[in-house]
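*Asks:* Now for the letters of each chain:
There are 2 protein chains.
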Amino acid sequence: MTVIGSGNWGTTVAKLVAESTREHLDVFEEDVQMWVYEEKVTLPKDSPHYDAAVGDEPQNLTAIINKYHENVKYLPKIALPGNVIANPSLQDAVKDATVLIFNFPHEFINNILKQMKGHILPYARGISCIKGVTVTDDNIELICEHIGDALGIYCGALSGANIATEIANEEWCETTIAYNTPPCDLRATNGASNGTSNGDHKDSRGQISKTKLVPLPHDYPPLDHEEFYKLFSRPYFTVSMVSDVVGVSLGGALKNIVAIACGFVEGHGWNMTAKTAVMRRGMLEIIAFAREFFPETIQEKTLWEESAGWGDMIVSCTAARNWRYSKMAVERGVSVQEIERTELNGQKLQGISTSREVSSFLRTRGLEDHYPLFKAVELILDQNIKVDDIPKLFRK
Amino acid sequence: MTVIGSGNWGTTVAKLVAESTREHLDVFEEDVQMWVYEEKVTLPKDSPHYDAAVGDEPQNLTAIINKYHENVKYLPKIALPGNVIANPSLQDAVKDATVLIFNFPHEFINNILKQMKGHILPYARGISCIKGVTVTDDNIELICEHIGDALGIYCGALSGANIATEIANEEWCETTIAYNTPPCDLRATNGASNGTSNGDHKDSRGQISKTKLVPLPHDYPPLDHEEFYKLFSRPYFTVSMVSDVVGVSLGGALKNIVAIACGFVEGHGWNMTAKTAVMRRGMLEIIAFAREFFPETIQEKTLWEESAGWGDMIVSCTAARNWRYSKMAVERGVSVQEIERTELNGQKLQGISTSREVSSFLRTRGLEDHYPLFKAVELILDQNIKVDDIPKLFRK
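One line per chain: the protein sequences are D and S, in this order.
Position 67 of the first sequence, counted from 1, bears residue number 67 in the working numbering, the numbering being contiguous throughout.
Position 179 of the second sequence, counted from 1, bears residue number 179 in the working numbering, the numbering being contiguous throughout.
Take these hints with a grain of salt, some might be off.
Copies of one chain are not kept apart here, so a pair can be met inside one copy or by any two copies together.
Below 27 angstroms or equal to it, Euclidean Cα-Cα: the simulated DSS-like pairs (lysine-lysine) are [unchecked claim]: (1) Lys386 to Lys117; (2) Lys392 to Lys77; (3) Lys117 to Lys210; (4) Lys95 to Lys40; (5) Lys386 to Lys230; (6) Lys392 to Lys301.
Please keep in mind that the hints were generated in silico from the structure rather than gathered at the bench.
Nothing here was measured: the structure is a model prediction, and the numbers come from that model.
Isolated chain D (complex conformation) (with noise of 0.2 angstroms):
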């Protein structure tokens, strides 16, 4: 069991699949390696594990969290379980986990997934808490697809309305777990045949993926709903087993696109009902955008019922980051791309490029018009419109 990241987020998760472990002895490895990309850092005086004898010396992310079992830099003032173990080698943490989660910036993605290739279990198992998908003119590829491909696993996708921080201080909040078992992974009890134990599988097109698959040993416990049921549900986290990867994705990636608007409707001054408006359209606008290009696989309900679809929906347009700072560039009369430069660092907002993917994805097919909330995003962006043209783009 090996968590690949260890950010907030990656924190979060290394912690609770930890306890869980821990609590279903009979199915998984106690242990949790946690890969952390390796950096120093200096515990200040005031630190509950400053170590006079250490003093202002600068040292090792993973030391720290090894010792005091806080990661004192991501996740401070968290109490991890003593069985996440931070490991600043990608290749020795992977090396023996059958099950693999992905949980990092998606621009790391190519790089980390090199370094992987070739030291992984080959029937290993990927879960990508990586949020989306990846548009370019020609295509729309999942992320977790692009990972399962990259190192030719399976690897399914976790996404909801989540806030790490909040899950960290155990207040309830729910999951969507989206896992579209291999069949050479059904067992027999599932009532699965052997006719189908290949290592062929369905892509989220529905075709027979080109990745073919080692399957699990049939010597090991299984991995399906039930077990990621169990690996990932605690207390505090309520989770819910689908097989669409399809939707999760869309849900997760283009639910940013709608947060945009929304910051630009309430920095405008109008209130809760126009902002739940523009929710609405946008979740129309997701599911017809599903329907249109993956319309073998999605199952709309997904959206529609799950924390994937309007949960992450609301919470995305209601206390996140593209919410906030589109809202605080229509509020000072800015541009959303002066706000990133101003208030955020460099860091970007993922709602500002995939708006720009999708629309050029869907110019390129002239359906850009179908659109109208995905496309006026942009035209707002580029300022070409204002927000108050939104409504009119809803008239009959």
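Given chain D, put chain S in place with the hints provided.
*Replies:* Same frame as chain D, now just chain S:
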């Protein structure tokens, strides 16, 4: 065209339909009657309408509205179109109206219907802005259907993520109108045959209604989705027409139970992610309830897709009374009933009575455990469980 009721929501609706009738004189008569429960109002000296000649003499509210085109008592500072005509006589206000719009507090309904009976056009049609359902241990009755049956007419329902003062200020929002056009009103251009024009129509259970309708005269303009869309939609008020009165009515009533639960959770100190989980569970229970008791007629997508579904849920759980006061109760460590007494001047929170009625209805059928969130709200109201116990209800 008559709006029955002149509170802040009633006056707001009178404003918007009066704007629309002026825009569509080919379809509607210009004047909109608004029935006002007459009362005396004294204008303060700093009112822009203060008249030294009248001084502190109390004046009739209807006279003030008709003179200054402002409902100074219930919707102050909002200019009404001159074609909103305040009328203190209910029977006079409704006698010539083909369209009756019901918009007053739920508790006055039977008294008002009794006064109207026999004084309306036999072919009048209604739209109820009074949300919801009446639940007894024996029955669930839609309020719009109750109105229709009491008056011997057909009555649809308007509901959505709407806050009256925001709409009065022309901030953009959306609404849903459910109107299941009676067969006798369908025109040949709609593809209807004359064989169905005997006044029969289906009730909310899908059975032939006991109420026989008098068809709209054939030389009258039609009254169908197109006309109601024209009547209610404004540049700042986007209307969606559906035929599912069940979904709209159940959403409008049961979301109040969920809003109470959201107040509990937020008052307890949990954040948006926990609240979103409650909303999602609540929506799943509303839909299960609709499937269980209106299996022939419910169109689930009304609740997933429409402003009267998820939209209204979000606004009710983040910006409205039931949520606000149940949150306050938990924050202050007192019962919601106590808050009703001390903060609401004896007014009642709809969500509490709906919770009681629905819980009792479900218990009568041995079904309360199928609706864990609805059950939890009643248990918390009676202080039989704590807010902390909510997540347990949803573990496998």
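*Asks:* At most 27 angstroms between CA atoms: does that hold for Lys95 and Lys40 within a copy, between copies, both, or neither?
*Replies:* within (25 angstroms within a copy, 82 angstroms between copies)
*Asks:* Could you figure out if Lys117 and Lys210 sit no more than 27 angstroms apart (CA to CA) within one copy, between two copies, both or neither?
*Replies:* within (17 angstroms within a copy, 71 angstroms between copies)
*Asks:* State whether the alpha carbon distance between Lys392 and Lys77 is at most 27 angstroms within one copy, between copies, both, or neither.
*Replies:* between (49 angstroms within a copy, 26 angstroms between copies)
*Asks:* Using 27 angstroms as the alpha-carbon threshold, which applies to Lys386 and Lys230: within, between, both, or neither?
*Replies:* Intra 48 angstroms, inter 26 angstroms, cutoff 27 angstroms: inter-copy only.
*Asks:* Is it within, between, both or neither when you check Lys392 against Lys301 at 27 angstroms Cα-Cα?
*Replies:* Between copies only: 24 angstroms across, 29 angstroms inside.
*Asks:* How would you label the pair Lys386, Lys117 (within, between, both, or neither) given a Cα cut-off of 27 angstroms?
*Replies:* neither (47 angstroms within a copy, 49 angstroms between copies)
Hint 1 alone, counting from the list given before, is not met by this structure.
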